[in-house]
Amino acid sequence: AAAGGAARGRGVTSFQRKAAAGSRLAAVAGTRPSVRHGQLLISSGLPSLDCVLGGGVAVGTLLLIEEDKYGLYSNLLFKYFLAEGVVCGHDLFVASAKDHPDNILKQLPAPLLDDTQRNELGGEATAVKSEDFQDSMKIAWRYQNLPKMEASPTSTKFGHYYDVSKTMSPELSQSIKWRSFYLPEELSSQPKMKTCNMNSAYSRLLHSIQRIIYQEGFDGSDPQKKQKTILRIGIQSLGSMLWGDDICSNDTPEDIHSLTKFLYVLRGLLRKSLSACIITVPAHLIQNKAIMERVTNLSDTVVGLESFIGSERETNPLYKDYHGLVHVHQVPRLNSLICDVSDTKDLAFRLKRKLFTIERLHLPPDLSDTVSRASKQDLAESAKLLSSGCGAMAIGKKHLDF
Amino acid sequence: QGKFTLLRDTRTDGSFLVHHFLSFYLRAGCKVCFVALLQSFSHYNIVAQKLGVSLTAAKERGQLVFLEGLKSCLDLLFGEEEEQSGQPSPLQFMSESASSLKALFDFVRTSLTPTGSNSWKGPVLLVDDLSVLLSLGATPVAVLDFIHYCRVAVCSQLKGNIVVLVHSNEDSEDEENELVVNSLCHHSDLILWVEGLATGFCKDVHGQIKIIRRVSLELTAEQDHVQIYQYKIQDKNVTFFARGLSAAVL
Chain A
1 AAAGGAARGR
11 GVTSFQRKAA
21 AGSRLAAVAG
31 TRPSVRHGQL
41 LISSGLPSLD
51 CVLGGGVAVG
61 TLLLIEEDKY
71 GLYSNLLFKY
81 FLAEGVVCGH
91 DLFVASAKDH
101 PDNILKQLPA
111 PLLDDTQRNE
121 LGGEATAVKS
131 EDFQDSMKIA
141 WRYQNLPKME
151 ASPTSTKFGH
161 YYDVSKTMSP
171 ELSQSIKWRS
181 FYLPEELSSQ
191 PKMKTCNMNS
201 AYSRLLHSIQ
211 RIIYQEGFDG
221 SDPQKKQKTI
231 LRIGIQSLGS
241 MLWGDDICSN
251 DTPEDIHSLT
261 KFLYVLRGLL
271 RKSLSACIIT
281 VPAHLIQNKA
291 IMERVTNLSD
301 TVVGLESFIG
311 SERETNPLYK
321 DYHGLVHVHQ
331 VPRLNSLICD
341 VSDTKDLAFR
351 LKRKLFTIER
361 LHLPPDLSDT
371 VSRASKQDLA
381 ESAKLLSSGC
391 GAMAIGKKHL
401 DF
Chain B
1 QGKFTLLRDT
11 RTDGSFLVHH
21 FLSFYLRAGC
31 KVCFVALLQS
41 FSHYNIVAQK
51 LGVSLTAAKE
61 RGQLVFLEGL
71 KSCLDLLFGE
81 EEEQSGQPSP
91 LQFMSESASS
101 LKALFDFVRT
111 SLTPTGSNSW
121 KGPVLLVDDL
131 SVLLSLGATP
141 VAVLDFIHYC
151 RVAVCSQLKG
161 NIVVLVHSNE
171 DSEDEENELV
181 VNSLCHHSDL
191 ILWVEGLATG
201 FCKDVHGQIK
211 IIRRVSLELT
221 AEQDHVQIYQ
231 YKIQDKNVTF
241 FARGLSAAVL
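As given, the protein sequences belong to chains A and B, one line each in that order.
For the first sequence, position 197 matches number 197 in our numbering, and the numbering has no gaps at all.
For the second sequence, position 32 matches number 32 in our numbering, and the numbering has no gaps at all.
In short, the hints are calculated from the structure, not lab data.
Wrong hints could be hidden among the right ones.
Here are the simulated DSBU-like cross-link-like pairs (lysine-lysine), alpha carbons at most 30 Å apart as the crow flies [what the hints assert, rightly or not]:
id	chain 1	residue 1	chain 2	residue 2
1	A	K138	B	K59
2	B	K50	B	K102
3	B	K232	A	K345
4	A	K106	A	K194
5	B	K102	A	K228
6	B	K3	B	K59
7	A	K69	A	K228
8	A	K345	B	K203
9	A	K194	B	K102
10	A	K289	B	K71
11	B	K210	B	K232
12	B	K236	A	K194
13	A	K228	A	K106
14	B	K3	A	K345
15	B	K121	B	K203
16	B	K210	B	K236
17	B	K210	A	K177
18	B	K102	B	K232
19	A	K354	A	K138
20	A	K289	A	K345
21	B	K71	A	K345
22	B	K59	B	K102
23	A	K69	A	K166
24	A	K98	A	K352
25	B	K236	A	K289
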């Protein structure tokens, strides 16, 4: 099944026709075929996010992260994606207008590959589990058989854990091939090129990506350059002012089409090559909401992060275990009529003792003697929030009060 | 014959209808011009194979003309400077500031005009999806002009059908999109409106579909016929049932 999946897994790229002579492609490190649609998947660097996305990020697709207010946690996800690429031996392409890619690569989190560290982590995870199962549920026995949200999957080859308190050793991060695109450096060089009426920074980035894909043979156009690895592309804070786009600073921006054109062409590049891309966008700064709607329609997977820092939720006892919420706005339908929609719509994340996990949001039980008005209001607010989510869902207008 | 069908989705993905119409018309033996702006060819091909039609075979025998938007834009941006065979790219409007969709319309017309050698039943134009054109720089008026020209060419002159998919949201802030969608709604003969359930996500019922037959356009003083069903999408087909009577309930 795995071999058949790998052969079928080329569905998204044009490799399907070229390999039609029945040749089996050797398995690429760090990938696995999806159970549902045979698509080749790579890990996003966060195993709990992989679970939410139906197994991982499909090769040839675009993962868009809507940044949280201060960009802290989206930056973390961005680094996890790149770190996973280093550990799996993939090629990296990092584009940024703010932090120099060299610095980004020096600050990748260290993988938890050491046995002692994994045991310590495993011990923590199993300790949590044994507390739950100490007495097999007596009261809520109906829930015994419900699948738990996998916060710590058992397989180790696909998806790794990272320690945010330590940085990756330079030997490891230099062991793979990586390219960078740092906008201030690129603007000074480069001759004229076709721009399609796009922002010049975006068109330079596209040309740079296309050049790498073509030269390194990721699109299979050159039969001599057989690529055995994936290209992971990371673009930080796209659409922000540093990219020369005024959609984040202006109610009526000059050019509202640059970002959407960029995403369209980028997806065209991704679809025909062995690559996957993560982009973080400061969505909370974009005034014109129509742009975000179009951006969502043009991306494959869209995940929004909402952190509690600075909001009244930080001190709200309902959310005391978590640092923010995760909204999965869109999951792609690839090569099939159905998509891998996770049943859990209410997700939250937390950064606890080196680990960043995404879990099902559990509201703590209301143990106060009197039902306080304040907490009931918060419950109503959070319930409204809980009902929004994935693209397949509607925002319920009425709060159904049970 | 000569009908304009609008596929409209709100809060959910209506692409299953596009796959259905594609395989339906190909199986019926019509000549199809598919302007596929959103996904790659292999995506449609694999789904069509599940539905029993091979797109590669249809392309080879000339029954299907496939415009893969994602590939054409790459040729446009990264292609060689010289014009290939003198024909401008159908997505020419992306690189011009005067955003007229004439090149796209010419492409549609040349692909659907019968060449005389093969006799296929009725030409069909399928567009997935029209809202992408707005994201790529076309003005709403240009998009509406394009649809109008296509209607004249395909529906009136060639007696063919047109099926177009658009996205819309109830409280959308995308005014240009709403303009296009509302205008198309007024001119369509049949509207298939796919919506997510108002009560939220459900595993067994993926949404509801409203079928509106625009009988009022025929000036017989009748109201539009509206039918509402709910549906569930499975791997190889979609099941429709009356509201509240999904298999999970019965």
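Verification of the supplied hints:
For the hint linking A/K138 to B/K59, the alpha-carbon distance of about 62 Å lies beyond 30 Å, and the restraint is violated. At roughly 35 Å between alpha-carbon atoms, B/K50 and B/K102 are farther apart than 30 Å, so this suggested pair is violated. Our distance criterion of 30 Å between C-alpha atoms is met by B/K232 and A/K345, whose separation comes to about 19 Å. This hinted pair does not check out: A/K106 and A/K194 have alpha carbons roughly 34 Å apart, beyond 30 Å.
Restraint check for B/K102 and A/K228: the C-alpha separation of about 42 Å exceeds 30 Å, so the hint is violated. With a C-alpha separation of about 24 Å, the suggested pairing of B/K3 with B/K59 holds against the 30 Å cut-off. Distance hint between A/K69 and A/K228 is unfulfilled; the C-alpha atoms sit about 38 Å from each other, more than 30 Å. Between A/K345 and B/K203, the direct Cα distance comes to roughly 12 Å. Compliance with the 30 Å bound is thereby established for this hinted pair.
Taking the CA atoms of A/K194 and B/K102, the gap is near 21 Å; set against the 30 Å cutoff, the hint holds. The suggested pairing of A/K289 with B/K71 holds, with an alpha-carbon distance near 28 Å, which does not exceed 30 Å. Between B/K210 and B/K232 the CA atoms are separated by roughly 14 Å; this keeps the pair inside 30 Å, and the hint holds. Between B/K236 and A/K194 the alpha-carbon distance is near 42 Å, which puts this suggested pair outside the 30 Å criterion.
About 25 Å separates the Cα atoms of A/K228 and A/K106, which keeps this hinted pair within 30 Å; it holds. With a C-alpha separation of about 40 Å, the suggested pair B/K3 and A/K345 falls outside the 30 Å cut-off, and the hint is violated. Proposed proximity of B/K121 and B/K203 is contradicted: the alpha carbons are some 40 Å apart, above 30 Å. For the suggested pair B/K210 and B/K236, the alpha carbons sit about 22 Å apart, so the restraint of at most 30 Å is met.
With a CA separation close to 52 Å, the supplied pair B/K210 and A/K177 exceeds the 30 Å bound. The hinted pair formed by B/K102 and B/K232 fails the criterion: a straight-line CA distance of about 39 Å is larger than 30 Å. Distance check on the hinted pair: A/K354 and A/K138 sit about 34 Å apart at the alpha-carbon level, beyond 30 Å; violated. For the suggested pair A/K289 and A/K345, the alpha carbons sit about 23 Å apart, so the restraint of at most 30 Å is met.
With a C-alpha separation of about 34 Å, the suggested pairing of B/K71 with A/K345 is violated against the 30 Å cut-off. In summary, the hint linking B/K59 to B/K102 is supported, as the alpha carbons are separated by about 24 Å, within the 30 Å threshold. A C-alpha spacing of about 24 Å is found between A/K69 and A/K166, which places the hinted pair at or below 30 Å, so the restraint holds. Taking the CA atoms of A/K98 and A/K352, the gap is near 27 Å; set against the 30 Å cutoff, the hint holds.
Of the supplied pair hints, the one linking B/K236 and A/K289 is violated, its CA atoms being roughly 36 Å apart against a limit of 30 Å.
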